[in-house]
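From first to last, the protein sequence lines stand for chains Y and G. Okay, so the first sequence: first residue is 1 according to this note's numbering, each after it adds one. Okay, so the second sequence: first residue is 1 according to this note's numbering, each after it adds one.
Possibly wrong hints are sitting among the right ones.
What the hints assert, rightly or not - With a Cα cut of at most 16 Å, we get these calculated EDC-like pairs of lysine to aspartate or glutamate:
hint : chain 1 : residue 1 : chain 2 : residue 2
1    : G       : Lys361    : Y       : Asp43
2    : G       : Lys88     : G       : Glu62
3    : G       : Lys97     : G       : Glu332
4    : G       : Lys262    : G       : Asp236
5    : G       : Lys409    : G       : Glu294
6    : G       : Lys409    : G       : Asp278
7    : G       : Lys401    : Y       : Glu3
8    : G       : Lys409    : Y       : Glu37
9    : G       : Lys115    : G       : Glu37
10   : G       : Lys115    : G       : Glu64
11   : Y       : Lys14     : G       : Glu332
12   : G       : Lys88     : G       : Glu53
13   : G       : Lys361    : Y       : Glu51
14   : G       : Lys115    : G       : Glu62
15   : G       : Lys409    : G       : Glu301
16   : G       : Lys88     : G       : Glu64
17   : G       : Lys361    : Y       : Glu3
18   : G       : Lys401    : Y       : Glu51
19   : G       : Lys409    : Y       : Asp40
20   : G       : Lys262    : G       : Asp101
21   : G       : Lys88     : G       : Asp101
22   : G       : Lys115    : G       : Glu53
23   : G       : Lys262    : G       : Glu294
24   : G       : Lys97     : G       : Glu402
Hints listed in this document are in silico derivations from the structure and should not be mistaken for laboratory results. All figures in this text were calculated on a predicted structure; none of them were measured in a lab.
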Amino acid sequence: MQELTNDDIRALAKAANLNIDDPELTDVNYSLNAMLEAMDAIDVPGVNAVEPLAVITSNTEASQ
Amino acid sequence: MTSQDLAFMSATELGAAFRDRQASPVEAVEAYLERIERLNPSLNAYITVLADEAMESARQAEVEIAAGNHKSALHGVPVGVKDQIYTKGIRTSDASKIRSDFVPDQDATVVANLKRAGAVIIGKLNMTEFAMGDPITSAFGVTRNPWDTTRSPGTSSTGSGAATAAFMCATSLGEDTGGSVRGPAANCGLVGLRPSWGRVSRFGVDGASWSLDTIGPISRTVEDCAVTIGAIAGHDPNDPYTWDTPVPDYRAALTGDVRGLKIGVVRELTGPDAPGLDAQTRQAILDAMQKLAELGAEVEEVTIPMAAHAGVACRVISSVERVSLNPSWIRERPEDFHHNTRVAFMTGELIPAQTYYKAQKLRTLIRSQTLEALERYDVLAMPTGSGPAAVMDLRPGIGSKEQAASALKDGSYRGFFSMVSGPALSICCGFTSDGDGALPLAMQLAGRPFDEATVLRVAHAYAQATPWHLRHPPV
Chain Y
1 MQELTNDDIR
11 ALAKAANLNI
21 DDPELTDVNY
31 SLNAMLEAMD
41 AIDVPGVNAV
51 EPLAVITSNT
61 EASQ
Chain G
1 MTSQDLAFMS
11 ATELGAAFRD
21 RQASPVEAVE
31 AYLERIERLN
41 PSLNAYITVL
51 ADEAMESARQ
61 AEVEIAAGNH
71 KSALHGVPVG
81 VKDQIYTKGI
91 RTSDASKIRS
101 DFVPDQDATV
111 VANLKRAGAV
121 IIGKLNMTEF
131 AMGDPITSAF
141 GVTRNPWDTT
151 RSPGTSSTGS
161 GAATAAFMCA
171 TSLGEDTGGS
181 VRGPAANCGL
191 VGLRPSWGRV
201 SRFGVDGASW
211 SLDTIGPISR
221 TVEDCAVTIG
231 AIAGHDPNDP
241 YTWDTPVPDY
251 RAALTGDVRG
261 LKIGVVRELT
271 GPDAPGLDAQ
281 TRQAILDAMQ
291 KLAELGAEVE
301 EVTIPMAAHA
311 GVACRVISSV
321 ERVSLNPSWI
331 RERPEDFHHN
341 TRVAFMTGEL
351 IPAQTYYKAQ
361 KLRTLIRSQT
371 LEALERYDVL
381 AMPTGSGPAA
391 VMDLRPGIGS
401 KEQAASALKD
411 GSYRGFFSMV
421 SGPALSICCG
431 FTSDGDGALP
441 LAMQLAGRPF
451 DEATVLRVAH
461 AYAQATPWHL
471 RHPPV
């Protein structure tokens, strides 16, 4: 995937009504790009078809 | 019995001594307050010390026990509570400037349960700001590791680890999202239990991540851990996700017998490809497995390929969920956050929805593979982290993208069972070979959802057969 630039991040932040000043911008860039690249690199067969289940509840167990 | 004798006793030993009128809760509180006064200036484990309240509770416990009304193994026992957990009439700050004046008008359910058990709340413990990031983010200053004050006490329940290890309370509560109970337990040579999600109420706890947060004990012994989790666990109508199932007598599970139990050692987090795993930690895990095999457990290697992806998926989920709880703070009061927390909140705001959704799908796969393995094994074993407590970098900032990526991989050790929703316990399994500067090493034992009893049973048998819990930090 293509790395997000500082300008990209500023644009994303604007869309989220968030003001990111320069002292934070570099670190948000490091943090966000590291996360997105790591997630993008995970290529597990069949993952798109998975129905996500955030937590196990007592109802979940009862229905299994 | 001297003041030091009292402070150095385990929580269960103290409780038994109170019950048998061999020791006084008032004297125990005095002993801990003396240590807090002496050590807190250097360790900074407590944000708020409840000296008057604790003395009053101890006097009340003494009267109750003398009258034959002994409530539980924790009656009269001083407990420290992470400053993310509400205490009625007492500031609950999240170690933040934003919440520095917040005084709850009710107790969290776990605090109410501790009080019902007769425990004495001795103070509110330091943590990382909003349970995120490094020890440097606390608005109340950095907490230090009693084993080496230059090193991290583990995050985010920094004070719970430091205070318990330094004998500044008998046992403590932390909160674990991606490892915040197990990390401090590991770095400080303690026993920390992340319970199953739904086993302990989160009512009255400032959330970090709704689908990951759990409240658990950090204790000096497995027995203390069992007694503490027993006191706080159970269904709570105020937390709809708690299960309405009976709380077992966890202490009764501590039989010392592991014969016939099957333990799977997770290859992805223990083998040669485990992310950043240092040689001493790996060897300590292998030695621990050998010891458990000698005790009669069947130990085998098991492969759970999805475990290696747990760190980043867990971080994505927790980052998004953390920010969603109070989205106005980062927009209206950004200057009131520590730089690193500000960066974490801003990053969480910008993670695309499809990335978060993929992380939830990965969680389902991680849980599925793990529960399948737990049909064949009673307990899974792995390191709690890639190595012993690291030297703290007191400078704000992320450093580089590579450092951020490395932290995500390291997060797999504890993020793994945060994603599974089952119980995971960290216990000391050795020390580095640094002589006087030796640091604790730690392993995790994890089990089926709601089977804390088996995890505690294995940990207890291991502790009984090894000397690690007998060492004290040099404070």
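Results of checking the hints against the structure:
1. Restraint check for G:Lys361 and Y:Asp43: the C-alpha separation of about 12 Å stays at or below 16 Å, so the hint holds.
2. Annotation: proposed proximity of G:Lys88 to G:Glu62 is violated, straight-line Cα distance about 23 Å (limit 16 Å).
3. Of the supplied pair hints, the one linking G:Lys97 and G:Glu332 holds, its CA atoms being roughly 13 Å apart against a limit of 16 Å.
4. A distance of roughly 33 Å separates the Cα atoms of G:Lys262 and G:Asp236; the hinted pair therefore is violated under the 16 Å criterion.
5. Of the supplied pair hints, the one linking G:Lys409 and G:Glu294 is violated, its CA atoms being roughly 33 Å apart against a limit of 16 Å.
6. This hinted pair checks out: G:Lys409 and G:Asp278 have alpha carbons roughly 14 Å apart, not beyond 16 Å.
7. Only pairs whose Cα atoms come within 16 Å are accepted, and G:Lys401 paired with Y:Glu3 is accepted, the gap being roughly 11 Å.
8. With a C-alpha separation of about 12 Å, the suggested pairing of G:Lys409 with Y:Glu37 holds against the 16 Å cut-off.
9. Proposed proximity of G:Lys115 and G:Glu37 is contradicted: the alpha carbons are some 24 Å apart, above 16 Å.
10. Annotation: proposed proximity of G:Lys115 to G:Glu64 holds, straight-line Cα distance about 13 Å (limit 16 Å).
11. Taken as a hint, the Y:Lys14 and G:Glu332 pair is honoured in the structure, with Cα atoms around 15 Å apart against an allowance of 16 Å.
12. Annotation: proposed proximity of G:Lys88 to G:Glu53 holds, straight-line Cα distance about 12 Å (limit 16 Å).
13. Note on G:Lys361 and Y:Glu51: the hinted pairing holds, with a Cα-Cα distance of about 6 Å set against a maximum of 16 Å.
14. Only pairs whose Cα atoms come within 16 Å are accepted, and G:Lys115 paired with G:Glu62 is accepted, the gap being roughly 14 Å.
15. Proposed proximity of G:Lys409 and G:Glu301 is contradicted: the alpha carbons are some 21 Å apart, above 16 Å.
16. The suggested pairing of G:Lys88 with G:Glu64 is violated, with an alpha-carbon distance near 22 Å, which exceeds 16 Å.
17. For the suggested pair G:Lys361 and Y:Glu3, the alpha carbons sit about 23 Å apart, so the restraint of at most 16 Å is broken.
18. The suggested pairing of G:Lys401 with Y:Glu51 is violated, with an alpha-carbon distance near 31 Å, which exceeds 16 Å.
19. At roughly 14 Å between alpha-carbon atoms, G:Lys409 and Y:Asp40 fall within 16 Å of each other, so this suggested pair holds.
20. A distance of roughly 50 Å separates the Cα atoms of G:Lys262 and G:Asp101; the hinted pair therefore is violated under the 16 Å criterion.
21. Among the hinted pairs, G:Lys88 with G:Asp101 is consistent with the structure: their alpha-carbon atoms are about 13 Å apart, no more than 16 Å.
22. The straight-line distance between the Cα atoms of G:Lys115 and G:Glu53 is roughly 12 Å, inside the 16 Å bound, and the hint therefore holds.
23. With a CA separation close to 13 Å, the supplied pair G:Lys262 and G:Glu294 stays within the 16 Å bound.
24. Restraint check for G:Lys97 and G:Glu402: the C-alpha separation of about 30 Å exceeds 16 Å, so the hint is violated.
The structure fails to meet hints 2, 4, 5, 9, 15, 16, 17, 18, 20, 24 from the earlier list, while all remaining hints are met.
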